[in-house]
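Using the sequences and the hints given, assemble the complete structure.
So the chains spell out like this:
4 protein chains.
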Amino acid sequence: MSGYSRTNKQKIINDPIYGFIKVPSDLVFDLIEHPYFQRLRRIRQLGMTYYVYPGANHTRFQHALGAMHLMGQATDIIRSKGHHITEEEAEAVTIAILLHDIGHGPFSHSLEHSLIKGLSHEELSLMYMELLNDSFKGKLAMAISIFRNHYSKRFLHQLVSGQLDMDRLDYLKRDSFFTGVTEGVIGSDRIIKMLNVLEDNLVVDEKGIYSIEKFLIARRLMFWQVYLHKSVLSADQLLVNLLRRAHYLSLGGEALFASPALQFFLNSHAGYSQGGQQAVFLEHFADLDDSDILSAAKVWAKHTDPVLSLLCRSFINRELFAIELQNEIFQEDRIDELRKRVSLQLNIPVEDAAYLVSSQGISNYIYTDLDDRIKILKKDGRILDIAEASDMLNISLLSKTIRKYFLWYPKFMKDLF
Amino acid sequence: MSGYSRTNKQKIINDPIYGFIKVPSDLVFDLIEHPYFQRLRRIRQLGMTYYVYPGANHTRFQHALGAMHLMGQATDIIRSKGHHITEEEAEAVTIAILLHDIGHGPFSHSLEHSLIKGLSHEELSLMYMELLNDSFKGKLAMAISIFRNHYSKRFLHQLVSGQLDMDRLDYLKRDSFFTGVTEGVIGSDRIIKMLNVLEDNLVVDEKGIYSIEKFLIARRLMFWQVYLHKSVLSADQLLVNLLRRAHYLSLGGEALFASPALQFFLNSHAGYSQGGQQAVFLEHFADLDDSDILSAAKVWAKHTDPVLSLLCRSFINRELFAIELQNEIFQEDRIDELRKRVSLQLNIPVEDAAYLVSSQGISNYIYTDLDDRIKILKKDGRILDIAEASDMLNISLLSKTIRKYFLWYPKFMKDLF
Amino acid sequence: MSGYSRTNKQKIINDPIYGFIKVPSDLVFDLIEHPYFQRLRRIRQLGMTYYVYPGANHTRFQHALGAMHLMGQATDIIRSKGHHITEEEAEAVTIAILLHDIGHGPFSHSLEHSLIKGLSHEELSLMYMELLNDSFKGKLAMAISIFRNHYSKRFLHQLVSGQLDMDRLDYLKRDSFFTGVTEGVIGSDRIIKMLNVLEDNLVVDEKGIYSIEKFLIARRLMFWQVYLHKSVLSADQLLVNLLRRAHYLSLGGEALFASPALQFFLNSHAGYSQGGQQAVFLEHFADLDDSDILSAAKVWAKHTDPVLSLLCRSFINRELFAIELQNEIFQEDRIDELRKRVSLQLNIPVEDAAYLVSSQGISNYIYTDLDDRIKILKKDGRILDIAEASDMLNISLLSKTIRKYFLWYPKFMKDLF
Amino acid sequence: MSGYSRTNKQKIINDPIYGFIKVPSDLVFDLIEHPYFQRLRRIRQLGMTYYVYPGANHTRFQHALGAMHLMGQATDIIRSKGHHITEEEAEAVTIAILLHDIGHGPFSHSLEHSLIKGLSHEELSLMYMELLNDSFKGKLAMAISIFRNHYSKRFLHQLVSGQLDMDRLDYLKRDSFFTGVTEGVIGSDRIIKMLNVLEDNLVVDEKGIYSIEKFLIARRLMFWQVYLHKSVLSADQLLVNLLRRAHYLSLGGEALFASPALQFFLNSHAGYSQGGQQAVFLEHFADLDDSDILSAAKVWAKHTDPVLSLLCRSFINRELFAIELQNEIFQEDRIDELRKRVSLQLNIPVEDAAYLVSSQGISNYIYTDLDDRIKILKKDGRILDIAEASDMLNISLLSKTIRKYFLWYPKFMKDLF
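Line by line, the protein sequences give chains A, B, C and D. Take the first sequence: its letters are residues 41 to 457, numbered as in my numbering. Take the second sequence: its letters are residues 41 to 457, numbered as in my numbering. Take the third sequence: its letters are residues 41 to 457, numbered as in my numbering. Take the fourth sequence: its letters are residues 41 to 457, numbered as in my numbering.
Any given hint could be a false lead.
Under the rule of at most 27 angstroms between Cα atoms (straight-line distance), these lysine-lysine pairs were calculated in the BS3-like manner [stated by the list, open to error]:
(1) K419/D with K451/B
(2) K419/C with K451/A
(3) K270/C with K419/C
(4) K451/A with K451/B
(5) K451/B with K62/A
(6) K415/D with K51/A
(7) K51/D with K454/C
(8) K247/C with K451/A
(9) K451/C with K247/A
(10) K51/A with K270/A
(11) K247/C with K418/A
(12) K444/B with K419/D
(13) K270/A with K62/B
(14) K419/A with K451/C
Just so you know, the hints here were simulated from the structure itself, not pulled from any lab data.
Put into C-alpha cells, the structure is as follows:
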C-alpha cells in the first residue's frame, strides 16, 4: 500500500496516528486535491511550538485529514445506536470538518488576529467554503449549513464544533503525539464509542464519564504544558512583533523584501473590513503560508532598522526573549521603565522599544459553562451536565476562563536588572 | 518537565520517538544553539516525501538530535563491554554525529546535486564543522578528525558513518515513525545492545544476527516504500526541474523573485568549485532553507514563462507528473518523441520541453559489499561477514546496487497516448 | 539479546512495557531466582480480571520486576538533584520494592482476606522477607528496615509505599497496558523525573503538577473501569464463595480433592493467628498459587454438594452471577428473601443459599487525606499539598473513601423476578 | 465501554493489541461462551516461554479472538476487491479460525505429542468442532468443511490455514507483543490490505512484496529468538520429561497426586488410538489445562522418586537444565556416557537417568516450498511465487526445513566436566 493512491477508487492515506485514513468519497477526494486545501500542507498546526517541542512540525493538512477520519467513526457509531444519518448528511458533515480550518493563515494561531485583524480563522474558513461551493456547483451547501449551525439536525454541527467535536479529539491526540507529551494522549476511540444522540443533542453514554474526565484533564495538561508554554508564548511574540514592525515600516514607505502575497498585507492600511475587496483579499491570503514569513524574516534579519533586524535575528536563530507570567495585569510603570531602558541600551526611540517590550493577557478555557455543555446520558434516560455527573472534577473552576498576563522583553535586560 | 529547558544545567528535549533526549554537555548545547544548527529546523528530512506521506514533515534538526541520543547509548554499551572511550572521545563522537548533516540544503536529498553541483552534503558538513571549529576555538578538532576517519580509533568513525552508524539507526526509525510505514521500524535498542568492538572494528555480537537481518530488510522496505516511491520521485523531479528552469532564466537575464540567498545561486554560473569564494558561498548557503524555495515557487507559478509557471503550479498544488520506472535505460527515441509532443501541445520550443520530460537513473544500495561490511562476532571469537553468517539473506544481491530508470512527463500526455 | 541471560554478569530481562529491565546486582539476581520469588510467576496480578479483560494474565512476577526497574530510575533522578543515596541504600530500596508483594497469595487481591484471615499481604511479605534475610545472612536487613519505615531516611520508604511509590507507578501502567484500557496509562517517566526530596520527604517539582493531576484521574478511571468493574467483582465473589463452601465442607469432614498445600488451609479451623505454627503455615502458603485453586475447582464442579458444584461450574465456565451495585447498604429483608427463593429453587437449606447470595461493602480511595499526602515543591521553595496546589481537582472528594455495596446472586433469579 | 459486554447485542472485547474486538454474531458469541472455548483461558499460548520472557502469559483464548478479529478485516478487504463472500461463508470462516486451536492441551505446543501421542492439536480441534456442531444443531457444518479444506471456495481455507492465514498473522504479532521482542512485530494491517483472490487462490498484490519479505524475516527472527530459544527448549524438556516420568511411575502402580483428568492420562497405557473410547477421552481432555500440571508438579517435587522430584523441583523453581544445540545428531556414546555419570552422581539406575539426559531433533520451517506457496499477483495479472518475485530472500533456504539437535542434562554435570 503506497502512502497515497487513487487507483481503483481506493484512496488511502498513511497517517502515523491512525495507520490508514480512507478518503470516503470522490467529492471529498477532489476537495483534498484543491489548492486551497493543499496549502494547509505548508502551515504548521502549532505555530512556533516546534521551538520548544522539535517534533511539532505537523500541519493543518494532517489535522484536517485526522478529524475527517474520526468523523467517519463517529457517524458509524451514532448510526449503530439507531439514529438516522443519510448518506448525504454523512458526506456533508465530513466536508464540514475537513474544511473547518481551511481559513487558517501562516503559523495557525500564532499569527491569528495579528496579520489580519478583525477576522477569525472560522470566518475565513467559511469564506473559502463559499468559494469552493461555487467551484463545486453547490455541492457544499449542506456542509456549510452544518458548519454554520443552520442545519436542522443540530447534533451534526456539534460533531464539527462543540465540547466533544472531532476537531478537539484529533488535535489533542495529534498534538500530544507530535510534541511527545504522551500524557496528553486521549482515548478518542473510547470517547467516540460512547457518543450518542438524545433530542438532537450529542451526548455521552454514562459509562464514558471517566473518559470524559480524563479528556478534560488531558486538555488542561496540554494547555499548560504545550499551548501556553512560556517559551512558545515567547517565540510567538517574536513572530507577532516582527510582523507588526515590518508593517509599520512598510506603511512608512520602507521597501521590504516580501512575496507579493505578503507584500499585500504589509502595505494594506487596514484589515479586511476596509473596502469590499473580498475577492482580492482572499486570493492573496490563499497564497500565504509559513514559508513567506520565514523566508522574509531571514532577509529582514539584515535590515538596517535595528528593531526589525533584532526581532528577526532572534526569531530565526531561536534567541528567545525573556517572558514573565502572572495572574495580574503588569503595571504600566514597569512596562514603561523597561521600554525606556531598552531604548537607552539600544539607542532607539522609546516608541520603537515598544516592539521589544510587550505585555498582554492570554486566556484559556478548558470547559465553558455555556449552552454547549458536555451532557451525560444516564442509563435511566436522564441527562446530566458533566458538572453534576462527575463528583471528581471541579467543573466550576474548569468552566472559569483562566486569564494570565505576560511581560516580554529582550534577555539582555535581565543582566541589567 | 518542559520540552526544552536549560535551568540547572539540565538540558532535556522532548522527542516523540525516544521520549526524552538529554543534551550531554555544555559544548554540545552551545552547538545546538548555533544558527547553523538551528537552520536544520527549517529543512525537511525527507524532502518532498510529505506529498505522499503527509506525516513526513520531520526535520534534519530532529534527526540530528536523535542520532546524538543513540550515540550516547552506543558509547555506554561499548564501554560496558570493556572498551575504553575517554570522556573527550565520547563528546567528540557525539559532536561528529550531531553535525554530520549540517551541510544539508533545502529539502535535503531532493535538491542535492541540483542546487549546488559538485559538492555532496558530507563535504558541506565538513566545511561548516571547520567554521564552527574556528568559532569554538578548536574544540571540534577531534570530532572533525573522527568524522574524516583520521582518528586513531577507527570504530568511532564507524559509529558516525558505517553500515550500522547512528545516522542510519535513527533515520530508519524516524522516517518509518513519521511516514506511518510501521513496518520499517527497526529495533535500534537491540542492535545497539549487540554492538561490540574487535580489533578497532565495530562488530555485532552473534546473538544480534536476526536483528541485523531485520534491519537490512527494513531498510530495503523503506527504500521501495518510501525513499524511492514513484510519487516521491515525481515530486522531487518537479522541484529539481523548476529550479533548473529558474536558473536558466536567471542566467538569461530574467529577474525572478527570490530571497538574496536563493538569488545568489540562481545567478551563479557554476557551482562552488569555481573561484575561491568559499566564504561567500557558505554564508549564502547557510541562509537557505525550504522556505526560500516554497515562497519563490508560489510567485513563479504566475510567471509568464509557461515552462516555469507550469512546473511551479504543479509543484505547489501537488499536481504530480506521470512517472514510469523500469530496469533498463529509456530509449532516446521515446524521450525525444515525448518532448516533441509536449512542445506541440504547449506551443513551446522543443528545448524547453526538456524541462517537462526527464529521464534519469536512480540507484539504491542496501548493503555495499566493500571494505565496510557488517561483521558478526561469533562466540568463539571468530569474525564473519554478515553474508557468511546469515544463511537467509541473499547478500550478494543486497550488495549489488540496484539501478532503475525513470521517465517523467506531464500527466496530460497520458490522455494523448 | 535473549530474554533472560546471565552470561558475563549481564542480566537483562525483556519486558513488553519498558523494553529491557536490567537486574542491578548479584544479590538482587539471587533473590529473583529464589523459589519464593519464582512463585509469583504463577499468581495473576489482577485476580479474576482476565474474565473481563482477557489480556490481564500478567503476574505479580512481572509487576515486581517493573517496580524494581522504576526504582532504579527514581534513585538516579533523586541523586541527580543532589540528594545522597549510598550504593547500599539504593540496593536496599530496590530489594524492598522487589519483595513488597512476595506475600501475595493465589489470585492476589481476589482472595485476600478470604483464604487467610487476619493477615494482609503486606504482613505476609514481611514474614517472607525475614525468612529470606535469614537465608541471605542478614543482607536484607536494611531493605526490611526501609519496608517497615524504620530506616532513618524516610523518603526511601515513601518510594516503596506512599502516594507516588514505584508500586503504584508500575501497576497503573502495567494494568492499563495488559487490560487494553489505554486511558489508564500514566506518564511514569515524567512523574519520576519530577520527584525530589525536601526535608526527608518525597516531593514533586512544581512543573509536575499536571502530571500528578493526570495520575490521580487515571487511577480513578482504573478503579471504576477495571479494579471495581462489576463483572470482576462478580467473578471474584464466585472465587471467594467457592472457597468458603469448600472450607465449610472440609471442616465438616468431607474429603475434597486438593493439593496438600490447599488441603492445609481447607482443614485448618482458623487463620494463622491460631497457634504459633508460623513456619508450617508459611511453608504451605509458599506452595500455593493460582493453579491449585483452578485445578481443584474443576474437580469440585462435579462434586455432589449442589452448592459447591454450582459455584465451581459457574466459576470455571465463566457463567457469572448477577451483581447489583449501590451507594447504600442492601436491606437484610431483600437478602433474606433472595436466599429463601434460591433455597426453594434449588431445593437446598436456606443456610446453604447464603453461599449463593452475598452482599458486602467495597471501598476505594484514590487519594487519602492523611499524613502521607502528595507534596508539591514550588519554585520559591514552599511546599503545598496537591489539594492546595491544584485548582482543578476536587481533592476533598478524592480524599473521601467511596463506599459502595453489592448484592450478588445467581442469574437465574433474574428470570424469576 | 466495559471490557466485555453483551448489552444491546453490542459485544465488544478489549484487547491490548487491536483495541476493541467486536464479536460479529450471536452464534460466534455463544461459541465463545462455551466451556470448551473458555478452557482456552487457562492455556498459555507459548507454553514455558514465560520462563524466558516473563510477559508471555497470554493465552490461546486471546489468540483465537485476535485471529477472529483479523478474519473480519480480511473478508472485508477481499469483498471490497470484488470477490463474493456470502454472509454465511463469512460467519463460517470466522468460526473456523475461532476454533482452529480448540484442541490445544496444557501448555500448547510444549506438551503436544507428549501427553497424547498420535494426535495433533489440529485433529483434536476437529473432534471438538464436531462435538460443538452436534450441540449447535449442525450450524458449524460449513465452518468444518472450510477447516478441512472440503469447501468449494478454497481461498477460505487458506485464510484459516495457509502461508498467510489469520492464525500466523495474529500469533506473530501477539507473541512479539507479549514477549517484548518488538522486532518480531509484523504489519498485519498492511498484509491484509494486500490480500486478493485469483482463481480461487489467496494471493498478494504486487505492492505487498516488501511486507511479505518482512513477514518472513520477522517469522524467522521469532523462531530463533523465541520459539526455539535455548532456555525455552530447556524448560519445555523439563515439562515433557516430568510427565514421562510420572506416566512411567503411574503405570508401575505408583499413586501420584493428580486431578482426575490428569490421572486418566497418567494411567492410560496408550494414546487415544487405542480402543474407541473417543467420548471418554475427549471429556477428560476438555478438563485439562495448565493448572493441573502446575499444581501436580508442585506436589511431585516432594515425591520419594528422586528422578521425578528432581525434575519437578527444577521445573517449579526454574532451575533450568543445560542444553547444547548443534546441526548434527548427538552421538549415542556421548549421551550414554552422560547418563552413566548422572546415574553415578545421583545413585540411580542408568535407565532412570534417561529422564534426566535427553537428546532430540527439532525443526522449523519458515516457508515451505510445497503446494501452498505465497503467490504474488503482478499488476499485469501474472502470478509469481514469492521465491521468483523477491530478489532479496534466499527462498530456497527459507523453504528448507532447518533441523537442529539438542542435548539436555542437569546443570551440575557441567561442573563435573
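Do the hints match the structure? See the list:
For the hint linking K419/D to K451/B, the alpha-carbon distance of about 20 angstroms falls within 27 angstroms, and the restraint holds. The suggested pairing of K419/C with K451/A holds, with an alpha-carbon distance near 20 angstroms, which does not exceed 27 angstroms. A C-alpha spacing of about 44 angstroms is found between K270/C and K419/C, which places the hinted pair above 27 angstroms, so the restraint is violated. Taken as a hint, the K451/A and K451/B pair is broken in the structure, with Cα atoms around 54 angstroms apart against an allowance of 27 angstroms.
Restraint check for K451/B and K62/A: satisfied, since their Cα atoms lie roughly 24 angstroms apart, inside the 27 angstroms limit. Restraint check: the Cα-Cα separation between K415/D and K51/A comes to about 25 angstroms, which is no more than 27 angstroms; the hinted pair holds. With a CA separation close to 21 angstroms, the supplied pair K51/D and K454/C stays within the 27 angstroms bound. Restraint check for K247/C and K451/A: satisfied, since their Cα atoms lie roughly 22 angstroms apart, inside the 27 angstroms limit.
Restraint check for K451/C and K247/A: satisfied, since their Cα atoms lie roughly 22 angstroms apart, inside the 27 angstroms limit. With a CA separation close to 41 angstroms, the supplied pair K51/A and K270/A exceeds the 27 angstroms bound. Annotation: proposed proximity of K247/C to K418/A is violated, straight-line Cα distance about 37 angstroms (limit 27 angstroms). For the suggested pair K444/B and K419/D, the alpha carbons sit about 18 angstroms apart, so the restraint of at most 27 angstroms is met.
For the hint linking K270/A to K62/B, the alpha-carbon distance of about 20 angstroms falls within 27 angstroms, and the restraint holds. Under the criterion of a C-alpha separation no larger than 27 angstroms, the hint pairing K419/A with K451/C is consistent with the structure, at around 20 angstroms.
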